[in-house]
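Using the sequences provided together with the hints, build the complete structure.
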Amino acid sequence: MPVPPELHYTKDHEWITDGPVATVGITAYAAEALGDVVFVQLPEAGAVVSAGEACGEIESTKSVSDLLAPVSGTVTEVNQAVAEDPALLNSDPFGAGWLIRINRAAPDGELLTPDEYDELTAG
0 MPVPPELHYT KDHEWITDGP VATVGITAYA AEALGDVVFV QLPEAGAVVS
50 AGEACGEIES TKSVSDLLAP VSGTVTEVNQ AVAEDPALLN SDPFGAGWLI
100 RINRAAPDGE LLTPDEYDEL TAG
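FYI, in numbering that gives the first Met the number 0 the residues of the sequence shown are 0 to 122.
Hints were generated in silico from the structure; no laboratory data involved. Positions of the beta carbon are idealized from the N, C-alpha and C atoms, including for glycine. Please note that the accuracy of each hint is not assured.
Derived EDC-like pairs (lysine to aspartate or glutamate); straight-line CA-CA distance at most 16 Å [what the hints assert, rightly or not]:
| no. | residue 1 | residue 2 |
| --- | --- | --- |
| 1 | K10 | E83 |
| 2 | K10 | E115 |
| 3 | K10 | D65 |
| 4 | K10 | E76 |
| 5 | K61 | D35 |
| 6 | K10 | E109 |
| 7 | K10 | D117 |
| 8 | K10 | E118 |
| 9 | K61 | E31 |
Each pair of labels, with its calculated beta carbon distance range [as the list claims (entries may be wrong)]:
| no. | residue 1 | residue 2 | range |
| --- | --- | --- | --- |
| 10 | D84 | K61 | 26 to 36 Å |
| 11 | D84 | S62 | 16 to 26 Å |
| 12 | P19 | V63 | 28 to 38 Å |
| 13 | A121 | T75 | 31 to 41 Å |
| 14 | E118 | G45 | 28 to 38 Å |
| 15 | D114 | G94 | 20 to 30 Å |
| 16 | E58 | M0 | 20 to 30 Å |
| 17 | D35 | A105 | 26 to 36 Å |
| 18 | P19 | K61 | 17 to 27 Å |
| 19 | A121 | A44 | 30 to 40 Å |
| 20 | E56 | E31 | 17 to 27 Å |
| 21 | E5 | T75 | 18 to 28 Å |
In structure tokens:
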């Protein structure tokens, strides 16, 4: 699945939108590597997150992985649909499978362009 060109990416396979309140999710590459997602633990709205630090967990039939915050800020919204139906991460990772929205508190950390992310995942 091609990566959407309007998003930015992390080396840990999260995606993030532009803007002061950014939507965050995991990429199709990450969802495929995880396998069938069976449980998602997300931070609560109001939680303060720091770029590069764990703010949740994603459990699949293969493993448990940390969700790392791509930017620092305050969580403004959590996707309850994913909490109730974690399979959305596998079926629609760039759409209905979004995870959280963060009100950015600081400039972006090390985000990748779509081309840089394609290079990272090409190997």
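Outcome of the hint check:
{"no.": "1", "hint": "K10 to E83", "in the structure": "violated, 27 Å"}
{"no.": "2", "hint": "K10 to E115", "in the structure": "holds, 9 Å"}
{"no.": "3", "hint": "K10 to D65", "in the structure": "holds, 13 Å"}
{"no.": "4", "hint": "K10 to E76", "in the structure": "violated, 24 Å"}
{"no.": "5", "hint": "K61 to D35", "in the structure": "holds, 8 Å"}
{"no.": "6", "hint": "K10 to E109", "in the structure": "holds, 8 Å"}
{"no.": "7", "hint": "K10 to D117", "in the structure": "holds, 11 Å"}
{"no.": "8", "hint": "K10 to E118", "in the structure": "holds, 11 Å"}
{"no.": "9", "hint": "K61 to E31", "in the structure": "holds, 11 Å"}
{"no.": "10", "hint": "D84 to K61: 26 to 36 Å", "in the structure": "violated, 19 Å"}
{"no.": "11", "hint": "D84 to S62: 16 to 26 Å", "in the structure": "holds, 20 Å"}
{"no.": "12", "hint": "P19 to V63: 28 to 38 Å", "in the structure": "holds, 32 Å"}
{"no.": "13", "hint": "A121 to T75: 31 to 41 Å", "in the structure": "holds, 34 Å"}
{"no.": "14", "hint": "E118 to G45: 28 to 38 Å", "in the structure": "holds, 36 Å"}
{"no.": "15", "hint": "D114 to G94: 20 to 30 Å", "in the structure": "holds, 22 Å"}
{"no.": "16", "hint": "E58 to M0: 20 to 30 Å", "in the structure": "holds, 22 Å"}
{"no.": "17", "hint": "D35 to A105: 26 to 36 Å", "in the structure": "holds, 35 Å"}
{"no.": "18", "hint": "P19 to K61: 17 to 27 Å", "in the structure": "violated, 36 Å"}
{"no.": "19", "hint": "A121 to A44: 30 to 40 Å", "in the structure": "holds, 36 Å"}
{"no.": "20", "hint": "E56 to E31: 17 to 27 Å", "in the structure": "holds, 18 Å"}
{"no.": "21", "hint": "E5 to T75: 18 to 28 Å", "in the structure": "holds, 20 Å"}
Going down the numbered hints, you'll see the structure goes against 1, 4, 10 and 18, while the others check out.
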